[in-house]
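Visitor: Given the structure of chain A, go ahead and fit chain B onto it with the hints provided.
In order, the protein sequences belong to chains A and B. For the first sequence, my numbering begins at 325 and goes up steadily by one. For the second sequence, my numbering begins at 4 and goes up steadily by one.
Hints are not guaranteed to be accurate.
As the list claims (entries may be wrong) - Below 27 angstroms or equal to it, Euclidean Cα-Cα: the simulated DSS-like pairs (lysine-lysine) are:
| # | chain 1 | residue 1 | chain 2 | residue 2 |
| --- | --- | --- | --- | --- |
| 1 | A | Lys616 | B | Lys245 |
| 2 | A | Lys563 | B | Lys245 |
| 3 | B | Lys245 | B | Lys230 |
| 4 | A | Lys628 | A | Lys563 |
| 5 | A | Lys563 | A | Lys616 |
| 6 | A | Lys628 | B | Lys245 |
| 7 | B | Lys143 | A | Lys617 |
| 8 | A | Lys628 | B | Lys230 |
| 9 | B | Lys245 | B | Lys143 |
| 10 | B | Lys46 | A | Lys628 |
| 11 | B | Lys222 | A | Lys617 |
| 12 | A | Lys563 | A | Lys617 |
| 13 | A | Lys628 | B | Lys15 |
| 14 | A | Lys616 | B | Lys222 |
| 15 | B | Lys143 | B | Lys15 |
Stated by the list, open to error - The following residues of chain A were derived to be distant from chain B, with all beta-carbon distances above 12 angstroms:
| # | residue |
| --- | --- |
| 16 | Leu338 |
| 17 | Met434 |
| 18 | Ser436 |
| 19 | Arg495 |
| 20 | Arg615 |
What the hints assert, rightly or not - Derived Cβ-Cβ restraints for the label pairs, each shown as a range:
| # | chain 1 | residue 1 | chain 2 | residue 2 | range |
| --- | --- | --- | --- | --- | --- |
| 21 | B | Thr113 | A | Lys563 | 52 to 62 angstroms |
| 22 | A | Gly544 | B | Leu18 | 52 to 62 angstroms |
| 23 | A | Asn439 | B | Arg179 | 17 to 27 angstroms |
| 24 | A | Ser506 | B | Leu200 | 35 to 45 angstroms |
| 25 | B | Asp43 | A | Thr384 | 24 to 34 angstroms |
| 26 | A | Leu513 | B | Val196 | 28 to 38 angstroms |
| 27 | A | Val538 | B | Val39 | 20 to 30 angstroms |
| 28 | A | Asp614 | B | Asp279 | 25 to 35 angstroms |
| 29 | B | Leu18 | A | Ser506 | 29 to 39 angstroms |
If you're looking for bench data, these hints aren't it; they were derived computationally from the structure. Just so it is clear, CB atoms sit at the ideal spot from N, CA and C, and this is done for glycine as well.
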Amino acid sequence: MDFSSLDPVAMMVLLIGAATPIMLAALGELVVEKSGVLNLGVEGMMIIGAVCGFIVAVNTDSPMLGLLGAAVGGAVVSMLFAFLTQYLLSNQVATGLALTLFGLGLAALMGSSYNGIRPPRMARLDIGGLSDLPVVGKLFFSHDPVIYGSVALVFAVWFFLNRTRAGLVLRACGENHDAAHSLGYNVQLIRFGAIMFGGACAGLGGAYVSLVRVPQWTEGMTAGVGWIALAIVVFAAWKPWRVILGAYMFGGLTILQLSLQALGIHISGAYLSMTPYIVTIVVLVIMSADRKKASLNAPACLGKSFHASH
Amino acid sequence: MLRLEQRQQPSKIMLYITPVLAVVATMLVGAALFMVMGIDPLKAIYLLFIDPFVDSYNLSQLFVKASPLILIAMGLSIGFRAGVWNIGAEGQFIMGAIAGGAVGLALWDTQGWWLLPLMAAAAALGGALWAMIPALLKIKFNANEILVSLMLVYVAENIIAAMAQGPLRDPDGYGRPVSKNLERHDATTLPDVFPSLGIDAGGVVMLLLLAAAFFLLQKHAMGYQIKLTGESPRAARFAGVKPGVIIAVCLGISGAAAGMAGLFELTGAAGTLSADFGVGYGFTAIIVAFLGRLNPVGILLAGVVLAGTYIGGENAQFALKLPAAAVTVFQGMMLFFLLGFEILINYRVRRAT
Numbered sequence: 325m326d327f328s329s330l331d332p333v334a335m336m337v338l339l340i341g342a343a344t345p346i347m348l349a350a351l352g353e354l355v356v357e358k359s360g361v362l363n364l365g366v367e368g369m370m371i372i373g374a375v376c377g378f379i380v381a382v383n384t385d386s387p388m389l390g391l392l393g394a395a396v397g398g399a400v401v402s403m404l405f406a407f408l409t410q411y412l413l414s415n416q417v418a419t420g421l422a423l424t425l426f427g428l429g430l431a432a433l434m435g436s437s438y439n440g441i442r443p444p445r446m447a448r449l450d451i452g453g454l455s456d457l458p459v460v461g462k463l464f465f466s467h468d469p470v471i472y473g474s475v476a477l478v479f480a481v482w483f484f485l486n487r488t489r490a491g492l493v494l495r496a497c498g499e500n501h502d503a504a505h506s507l508g509y510n511v512q513l514i515r516f517g518a519i520m521f522g523g524a525c526a527g528l529g530g531a532y533v534s535l536v537r538v539p540q541w542t543e544g545m546t547a548g549v550g551w552i553a554l555a556i557v558v559f560a561a562w563k564p565w566r567v568i569l570g571a572y573m574f575g576g577l578t579i580l581q582l583s584l585q586a587l588g589i590h591i592s593g594a595y596l597s598m599t600p601y602i603v604t605i606v607v608l609v610i611m612s613a614d615r616k617k618a619s620l621n622a623p624a625c626l627g628k629s630f631h632a633s634h
Numbered sequence: 004m005l006r007l008e009q010r011q012q013p014s015k016i017m018l019y020i021t022p023v024l025a026v027v028a029t030m031l032v033g034a035a036l037f038m039v040m041g042i043d044p045l046k047a048i049y050l051l052f053i054d055p056f057v058d059s060y061n062l063s064q065l066f067v068k069a070s071p072l073i074l075i076a077m078g079l080s081i082g083f084r085a086g087v088w089n090i091g092a093e094g095q096f097i098m099g100a101i102a103g104g105a106v107g108l109a110l111w112d113t114q115g116w117w118l119l120p121l122m123a124a125a126a127a128l129g130g131a132l133w134a135m136i137p138a139l140l141k142i143k144f145n146a147n148e149i150l151v152s153l154m155l156v157y158v159a160e161n162i163i164a165a166m167a168q169g170p171l172r173d174p175d176g177y178g179r180p181v182s183k184n185l186e187r188h189d190a191t192t193l194p195d196v197f198p199s200l201g202i203d204a205g206g207v208v209m210l211l212l213l214a215a216a217f218f219l220l221q222k223h224a225m226g227y228q229i230k231l232t233g234e235s236p237r238a239a240r241f242a243g244v245k246p247g248v249i250i251a252v253c254l255g256i257s258g259a260a261a262g263m264a265g266l267f268e269l270t271g272a273a274g275t276l277s278a279d280f281g282v283g284y285g286f287t288a289i290i291v292a293f294l295g296r297l298n299p300v301g302i303l304l305a306g307v308v309l310a311g312t313y314i315g316g317e318n319a320q321f322a323l324k325l326p327a328a329a330v331t332v333f334q335g336m337m338l339f340f341l342l343g344f345e346i347l348i349n350y351r352v353r354r355a356t
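The following block holds chain A by itself, in its conformation from the complex (with noise of 0.2 angstroms):
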């Protein structure tokens, strides 16, 4: 076996590619669930996200709009989504389910015609001398722009539910909304707007799966990215920062698999390949394990309906 082909920086440069989509649906995720709405739609909104942005890349020919598109996108399918569990009443957990089969198939027919086409090229973000740094040029200094706006965004919702008044009164809507109603803050109009979020958010992860990562459009791909988000949601125990650390985690097992799949060794390639939804299950049933502090971290009103005549 010839394990010189595996360049340690080269991994890390592909890891965090890998890890962003997972890292930026689970942070939209994460301040839905800390609203106190279970979104189990986001395999439907990064697919839509996905093909948006193909499309909006392709058409215009700059994968900015692109993202920007399939932001939109995103946000617009969770409004379905918003609108049928905030103001009917239904059911967040069939209701999720539905966005995702409904997702699913609504990209797949939008994207029939866009198939082995290929996307505008992301440029790279080269900072002055510092990109050609050995090492720490690859690593640090020469990401695309969605890897430092992760980032960003990482600290910015951190700083947006510890830091301002509006975060503060949307954890209120998800620890106990009976009584954010009744200090006169609209609930659904904020869980609306929190949904709406995360479908961005998953809209740019997807989008950043079909124009970066792969960079094609193929019908289903994004291939469980979007369960394995709300997983590290858990595992990341509603914490921003603790979502980085579980997506570049996951990130890093995903290309440790590629890479021995391409190493050749004697496994065959489809047990490789299922390594990532094992170690989610292994990594949910460890957070889980300890209840006591399972439910503390959970948002108290999570998945819960809430109707002001109650």
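Guide: Just chain B, lined up with the frame of chain A:
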């Protein structure tokens, strides 16, 4: 402005009308969608919703598609009633097909009426054991069964790919990653019972199990405990219902049903095990379960409607160049409408004063 007013009691009429409303709304919005796509809306709606039930060839395919959907949905509905969310039926479907198919392949060239029942038992066991993973992790470690069961779908898809490349590959298949075709032997092929409706032996078993589910939910103490757990977990605990038992029973039943559906698909329609054996019945069955109001009779009707959209969708692909994905969009839309209309069961729409 309109406002919602809670009803004193859930409306029985709305409970039964809303699924019909959802199908009608899907047809209307679908027609609009077709117009935008430049497809004749009347013709498309006819092909998707009417033609599958009038054309004799289509009718002979109806239960080929409806049986697995109904069987899986029946199992899922029992869990959904208890608030146990098994959404990994697709994985249990695949694992059941592998387990049952492996038995059939191991006993290749064996004749005997007992072979199919043995394969079905192995498939039910395979599906149930696969579903026991989320059940045990939920009971022992409180791990979310939605995410675990779903992750196991991706694992199962990789397992069947590995099986079709390795141990279960047809040695005379020129290296193609496909198993031997079980339908080459009568002993491993489901016999037809009512060919004009596409009901084979698997369809008959499905109908019997549906009746059993009806009995379980209406007459059996376990069914009562399942429903009680779903409606009021606290009350159920006070009544001495063990949540762990309910979780294991619900996931076990739905896993066994999905596994058996996998075998019926293998020995009735597909014939071979390969990486693309799973066609998404496990996910569509979720829609069937909800559209059927988690009720055995409703599920039978809903399964037939959704099977119709599959058959109609295939025909529309040829006749109208409708993309295959359009059917999935329709199915998702139906579930959205259904969930939206459900508000009418517990609430009345009033004009705000």
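Visitor: Just pull the numbers of the violated hints for me, sorted ascending.
Guide: Hint check: 2, 10, 11, 14, 15, 17, 18, 20, 22, 24, 26, 28 fail, others pass.
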